[in-house]
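J.: With chain A fixed as given, assemble chain B onto it according to the hints.
Those sequence lines, one after another, are chains A and B. Each residue of the first sequence is one higher than the one before, counting from 1 in my numbering. Each residue of the second sequence is one higher than the one before, counting from 1001 in my numbering.
You may find that some hints are simply not true.
Claimed, not checked - Below, computed lysine-lysine pairings styled on BS3-like, alpha-carbon distance capped at 27 Å:
#1 K142(A) - K1056(B)
#2 K1079(B) - K277(A)
#3 K277(A) - K214(A)
#4 K1177(B) - K1207(B)
#5 K1119(B) - K214(A)
#6 K144(A) - K1079(B)
#7 K1191(B) - K1119(B)
#8 K214(A) - K1056(B)
#9 K277(A) - K1119(B)
#10 K1191(B) - K1079(B)
#11 K1119(B) - K274(A)
#12 K1185(B) - K1079(B)
#13 K3(A) - K1119(B)
#14 K214(A) - K1079(B)
#15 K1207(B) - K1303(B)
#16 K214(A) - K1080(B)
#17 K1191(B) - K1080(B)
#18 K277(A) - K1207(B)
#19 K1080(B) - K1119(B)
#20 K144(A) - K277(A)
As the list claims (entries may be wrong) - Here are some, though not all, of the chain B residues that point toward chain A, as calculated from beta-carbon distances under 8 Å:
#21 I1052
#22 Q1054
#23 E1074
#24 A1078
#25 I1083
#26 L1089
#27 Y1105
#28 L1111
What the hints contain is simulated information worked out from the structure, not anything from laboratory work. Positions of the beta carbon are idealized from the N, C-alpha and C atoms, including for glycine.
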Amino acid sequence: MEKRARLWIGFFSLLLSLLGLMVWNINAGSVHVSPAEILSVLLGRGGDNAIIVHSIRLPRILATALLGGALALSGFLLQTFFANPIAGPFILGISSGAKLVLSLTLIAFLSRGVAVGSVVLILASFFGAMLSMSFVLLISSKVKRMSLLIISGVMIGYICSAVTDFVITFADDANIINLHHWSLGSFSGITWGNVGVMTAVILPALIVAFLLSKPISAYQLGEVYAQNMGVNIRAFRAALILLSSVLSAAVTAFAGPISFVGVAAPHLMRSLFKTAKPIIMIPACFLGGAVFCLLCDLIARTAFAPTELSISSVTALFGAPVVILVMLRRQKENL
Amino acid sequence: MDTWYIHTEHMDVGYDGTPLIRDIEIGIRRGEILTLIGPNGSGKSTILKSMIRQLKLLGGVVVLDGQAMAAMREGEIAKKMAIVMTERLRAELMTGEDVVSTGRYPYTGRLGILTATDKQKVREAIALVHGEDFAHRPFAQISDGQRQRLLLARAVCQEPEIIVLDEPTSFLDVKHKLELLEILKTLVREKNVAILMSLHELDLAQKISDRVVCVADHSVDRCGTPEEIFQNQYIETLYGMDEGRYNALFGSLEMARVDGLPRVFVIGGGGSGIPVYRALQRRGVPFAAGVLAENDVDYLVAKALAVQTLSVPAFAPMNEAVMAEARALVCRCEHVVCCLTAFGELNQCNRLLRDEAAVRGKILPVRRLFDLWTGGGPA
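Next up, chain A with everything else stripped away, as it sits in the complex (with noise of 0.2 Å):
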């Protein structure tokens, strides 16, 4: 019964803190909005803000949350598939992968004058994600070690950083000043046409990974004891790959690569919920990367107004040392 007790409070707190910043994102700003003039926004009744709530803040911070619960699933998905509690898209050097096909693609074709759908940003960043990915799964088979794959991972994304950069500087245009912004990650200036996109792609993959549940805690005893349980080993590695790859170019088309969600959420989670168990962690690492990023994202906006800081600052400033205390642990149970 303690158990369940952990499991109400646990899931009530987390939906408490995503209500309670969702409000606190809206009211805070360059302007200030007050809770009622937020609520007769919602309801439809006008305010003198209503455009910065309506097509501002709301969408910005809609997107805020699915993308930081999307990077935190995928993040969870990873450290499953590699049985290493700090993988994640932005250590394994994933959303790097995505972030240089997404920038070569968009200078592709802002330079032709030809607008970029979110459709074809998610399809560009998904190349690139999967690009990354398949390094990193050759590295994977080649070494055991945990570390190396990090460190592998960790490398890769700094090249696909480098490349991003030459590429970045020297397309000088006025467009791609923006997409240097972009590169380092940032929730502004999202619009309820993306929302749409993201929505589409991350809610689908997100009850894909909830039903996989069952499967996933086979394969979280090891290859061998999941194959002898009935998993299909093959197909549910597959599968793995592709929604966390899903999940994590999803993200990157949005909002740029952004750093330690993926590894801090779901670790974050285990020590509240203290079960590894995937039918209470997909949900719970969900909610937790959503008030994760709700949170970081406010604290980039506000802490230097009018100065926006990038996010990835901010997540990393919280998330890092989440994995340096992962690392510690881990060396403590000598695992």
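T.: Just chain B now, with coordinates in the frame of chain A:
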């Protein structure tokens, strides 16, 4: 056709496409324990891993309950076959009970939620391995032996018809080794399960197996009942040991004999000599043993450890020829130890031998003898 529950036909096994063992033909019936024995690296685990589909077959087929396993779906196999392997099972933030309940996986619904029946089966399985006391603790924090028992419970609540175990007794102490094997025996008897496993402990393999398969030097060397397999000479060849090291009757092993001219003559019988033989072997002192009847328990050990063993046939009286040999040995040895305190009717020669040695001043009490060679090395 035999009534095999699982059998292999011309199975070739190995890693990365290179066959290690070819043309393996083994079969197990339900209600039977089949044990693989053989030296390290001979390929026991490779055979097991291939039979549970962890390794791809390099040739031939494995037939499980009448169907070729390669064509079966994972879910089908999971309801028939459970495994306990040497690979570490990762169990992050899981209690022992959580680990056991993963055995119910093939029976639960889409999301894997346990029903009351499932939970009951989990409790029964834990009770079977006497794991109630530690099942609630984190799996990562219990001892290796406790973990092994819960892994067996996990296999049991999977309700399989065959359980495959790779060296299941490796981490267990003597008591729990026996307990684990007794649980296997119970499963075989009560649930008509087939057991396929590999064991290192020859004595246990001899006692528990219905049939034994010997894997040696990349081939299946022999297959048969324990009575057929556990012959002194055969086991010694299988493991590449010197003659006399293995005793099939006890399933026991002796250390290497200390060679050289015998320095001590040990008069033993009825088990009284064995501790002295072993103590001298440890101290590196060559010795002779006598005069023993060939049905004496001391005789079996003396044959392995003594440089020279004087004996008479079972239940036969001592004869002059043996006495003459014994006297000669007593003369050549520096010391004589007599482990006997009573001498039966057929054993009067040994009393005579002791008395004669006493006259020569060669008799030493056992404790004095060990004082001469304290520690490890020879004096």
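J.: Confirm or reject each hint.
T.: Quick rundown of the hints versus the structure:
For the hint linking K142(A) to K1056(B), the alpha-carbon distance of about 19 Å falls within 27 Å, and the restraint holds. Distance check on the hinted pair: K1079(B) and K277(A) sit about 23 Å apart at the alpha-carbon level, within 27 Å; holds. For the given pair, K277(A) sits about 9 Å from K214(A) by alpha-carbon distance, which is consistent with the 27 Å threshold. Restraint check for K1177(B) and K1207(B): satisfied, since their Cα atoms lie roughly 12 Å apart, inside the 27 Å limit.
As the CA atoms of K1119(B) and K214(A) are separated by approximately 17 Å, the hinted pair is consistent with the 27 Å bound. Distance check on the hinted pair: K144(A) and K1079(B) sit about 31 Å apart at the alpha-carbon level, beyond 27 Å; violated. Of the supplied pair hints, the one linking K1191(B) and K1119(B) holds, its CA atoms being roughly 19 Å apart against a limit of 27 Å. Only pairs whose Cα atoms come within 27 Å are accepted, and K214(A) paired with K1056(B) is accepted, the gap being roughly 25 Å.
Restraint check: the Cα-Cα separation between K277(A) and K1119(B) comes to about 17 Å, which is no more than 27 Å; the hinted pair holds. With a C-alpha separation of about 14 Å, the suggested pair K1191(B) and K1079(B) falls inside the 27 Å cut-off, and the hint holds. Distance check on the hinted pair: K1119(B) and K274(A) sit about 21 Å apart at the alpha-carbon level, within 27 Å; holds. Under the criterion of a C-alpha separation no larger than 27 Å, the hint pairing K1185(B) with K1079(B) is consistent with the structure, at around 20 Å.
Using a Cα cut-off of 27 Å, the hinted pair K3(A) and K1119(B) holds, with the two alpha carbons roughly 16 Å apart. Proposed proximity of K214(A) and K1079(B) is supported: the alpha carbons are some 16 Å apart, at most 27 Å. Pair hint K1207(B) plus K1303(B) holds up; C-alpha atoms about 24 Å apart against a cutoff of 27 Å. This hinted pair checks out: K214(A) and K1080(B) have alpha carbons roughly 20 Å apart, not beyond 27 Å.
Pair hint K1191(B) plus K1080(B) holds up; C-alpha atoms about 13 Å apart against a cutoff of 27 Å. For the suggested pair K277(A) and K1207(B), the alpha carbons sit about 41 Å apart, so the restraint of at most 27 Å is broken. Of the pairs offered as hints, the one joining K1080(B) and K1119(B) holds, with about 20 Å between alpha carbons and a cut-off of 27 Å not exceeded. For a cut-off of 27 Å, the pair hint linking K144(A) to K277(A) stands: about 24 Å separates their Cα positions.
Here the hint on I1052(B) is kept, as its CB sits about 6 Å from the closest CB of chain A, short of 8 Å. Residue-level restraint check for Q1054(B) holds (minimum Cβ-Cβ distance to chain A is 5 Å; threshold 8 Å). About 4 Å separates the beta-carbon of E1074(B) from the nearest beta-carbon of chain A, less than 8 Å, and the hint is met. Checking A1078(B) against chain A: minimum C-beta separation of about 4 Å stays under 8 Å; hint holds.
Nearest Cβ of chain A to the Cβ of I1083(B): about 5 Å, under the 8 Å cut. The hint holds. About 5 Å separates the beta-carbon of L1089(B) from the nearest beta-carbon of chain A, less than 8 Å, and the hint is met. The interface hint given for Y1105(B) holds, since its Cβ lies 4 Å from the closest Cβ of chain A, which is under the 8 Å cut-off. The interface hint given for L1111(B) holds, since its Cβ lies 6 Å from the closest Cβ of chain A, which is under the 8 Å cut-off.
Violated hints for the displayed structure, listed by number in ascending order: 6, 18.
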